[in-house]
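*Asks:* Below, each chain spelled out in residue letters.
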Amino acid sequence: MKFLALALLAGTPFYGLGNYLLHLVIMCLLWGYVYTSWSIMGRLGLVSFGHGAFLGIGAYSVVMLWNHFGVSPWIGALAGVVASALVAVIIGLPCFRFKIVGHYFALVTLALSEVTRLVIVALRDQTGGSLGATPNTALAQGNPWSLGALQFSDKIVWFYAILVVWLAGLWVWTKVDRGMTRLALEAISQEEEAAASIGINVTRSKLFVTLISAVMTSIGGVLYAQYQLYINPETVSGIGISLQMVFGVIVGGMFVVLGPTVGAVFTLLLSEGLRLALGDAFKQFPALDLAIYGLMLVLFIIYLPKGILGTATDAWRKHSSARAAARR
Amino acid sequence: MLEVSGLSKKFGGFTAVSEVSFKLQEGEILGLIGPNGSGKSTTFNLIAGLHAPSSGSVRFAGEEIAGLAPAAVCHRGIARTFQIPRPFRKLSLLENVAIAAFYGQNQKISRAKAYAAAADALALVQLPGGADARVEGLGAAGLKKLELARALATQPKLLLADESLGGLDHAEMEQAADMLAMIRREQGITIIWVEHIMGVLMRVVDRCIVLDHGEVIAQGQPVEVAHDPKVIEVYLGTDAAEVQQTVAQRAA
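Those protein sequence lines, which keep their order, are chains A and B.
The first sequence: position 76 = 88 (the working numbering), numbered continuously.
The second sequence: position 69 = 1407 (the working numbering), numbered continuously.
Hints are computed from structural coordinates only; laboratory data are not their basis.
Treat the hints with caution; some may be incorrect.
[Claimed, not checked] Below, simulated BS3-like cross-link-like pairs (lysine-lysine); rule was C-alpha separation at most 25 Å, straight line:
(1) B:Lys1451 with B:Lys1428
(2) A:Lys187 with B:Lys1446
(3) B:Lys1428 with A:Lys318
(4) A:Lys111 with B:Lys1428
(5) A:Lys330 with A:Lys14
(6) B:Lys1361 with B:Lys1348
(7) B:Lys1428 with A:Lys330
(8) A:Lys318 with A:Lys14
(9) B:Lys1495 with B:Lys1361
(10) B:Lys1428 with A:Lys187
[To be verified] Derived CB-CB ranges, DEER-like:
(11) B:Ala1450 with A:Leu143: 53 to 61 Å
(12) A:Ala123 with B:Glu1401: 39 to 47 Å
(13) A:Arg287 with B:Ala1450: 51 to 59 Å
(14) A:Ala289 with B:Gly1475: 42 to 50 Å
(15) B:Ala1410 with A:Lys187: 24 to 32 Å
(16) A:Val169 with B:Ala1390: 55 to 63 Å
(17) B:Ser1448 with A:Ala152: 53 to 61 Å
(18) B:Ser1392 with A:Ser283: 55 to 63 Å
(19) A:Leu179 with B:Gly1475: 36 to 44 Å
(20) A:Trp183 with B:Arg1449: 17 to 25 Å
(21) B:Ser1392 with A:Leu143: 54 to 62 Å
(22) A:Tyr116 with B:Pro1466: 36 to 44 Å
(23) B:Ser1448 with A:Phe15: 26 to 34 Å
(24) A:Phe15 with B:Asp1458: 34 to 42 Å
From the three backbone atoms N, C-alpha and C, an ideal C-beta is built for every residue, glycine too.
So that you can see chain A by itself, here it is in the shape it has in the complex (with noise of 0.2 Å):
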């Protein structure tokens, strides 16, 4: 089952969907993948608002290191990997010891999303400022693809690539979700002082699972700029997108493996359907999509606080379960 359900995704591009449907396919699984990476840390009680800072990082990083410097995107990207991993040890460290926590943790990661915008901002010499970056192109002459440049003009690449990396951040996912990691952040998140004291490090565990969150989210900043070799302040940090990444996870369901990714889907196809439905109306009224998301937030944490998935989940196993029960 889970088997074919990939072989049939895994044949996408030879559906002839066409290039507009094939980007969707791509941008759900790369915001898919981004929020599940967000999710690792985020359903631990680790509710982050500045996940945009680390997208930024490792999208500026890789943009910013080939155009200035010639360097390839493949070592941008580690550089854009290491840099996020010391911002998350920086703002993450004096969290974790302070125990600032729930609310307080999210406002921090808030700002922390904002001041990356800012940033990116302000070197407007060097990044384009709002008007944000492209990178230069290595594909002229012709060529259709350059793998030191990692740029390729046939989505189909992309498509692979991408599901590729997708795959690996739902396995981390697993993997974090089976571990005794899993336990122990949860026991810190429910009980902080009592975790600490049957011998759990709470400043390495939530450190752990952040590094891991963020790393993963940087390498989801650099695909995004690989992938639309365009990147602005916009849509790779601050608030909008960090915003973006919770409600995503938790429209979609944060508990579940597929939940993010669900929840990608549903946020991109909603954003898609707004902009077709209202387009007109968006020119009037240029904030109305965020009034909606913001409204289907509120909705969403009342009534399906589990998400689409979480909820289905349940709500099948409920149904599996009486019919078993009615059989004996």
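The hints should help you fit chain B onto chain A, whose structure is shown.
*Replies:* Same frame as chain A, but now just chain B:
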């Protein structure tokens, strides 16, 4: 095995614990008693690493442990329970105790071993160890047992049991007291027991320390302490006769 000397803790201008000193022999059960607010729990928290002392030292197995973080204290072999039970409500009973076994021994044992140790600890305190046994539905006595199982799963040499009997009825109290005695007898774990219900405690402990306003006002065997005029004045009051009777019964 434990040597506390000159231990003090100030919170701002308030001195919660002042110059507390005592020694603990291996295999002993020591009762730490006193009225509410006398500094018992603070003394515990100082030993367990929840607070760093303002001054004084805590030596365990010959090493200074004052100021170590709670997790590090646990790894040295000191486990604790909390006055108000602090279960991990979203985890199963087995998971509650399994992480204590796993992290209490500093991740040096396998997962499977941790779960096996957890099942043993739950059986010892007579709680269900099935995968679907949850924290919800446990009463006061059950929660205290879970605290105990979790502490024991870390394989301590010294157990700090904080007011383990508050909220229990008389039969449950006796059962809990017997359980501590059994833990000492069968597992050779040294115990410090903080309690303000003195009668039950007196049946089990080898020695008592009485705190008042953060200071040690008496220490010795239950018989001595129960007849100590100072203890009667500040703490036992009209209950003195009852407590003395309990001690006498035990001696008989």
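*Asks:* Hints broken by the structure, by number, lowest first?
*Replies:* Violated hints: none at all, because every hint is consistent with the structure.
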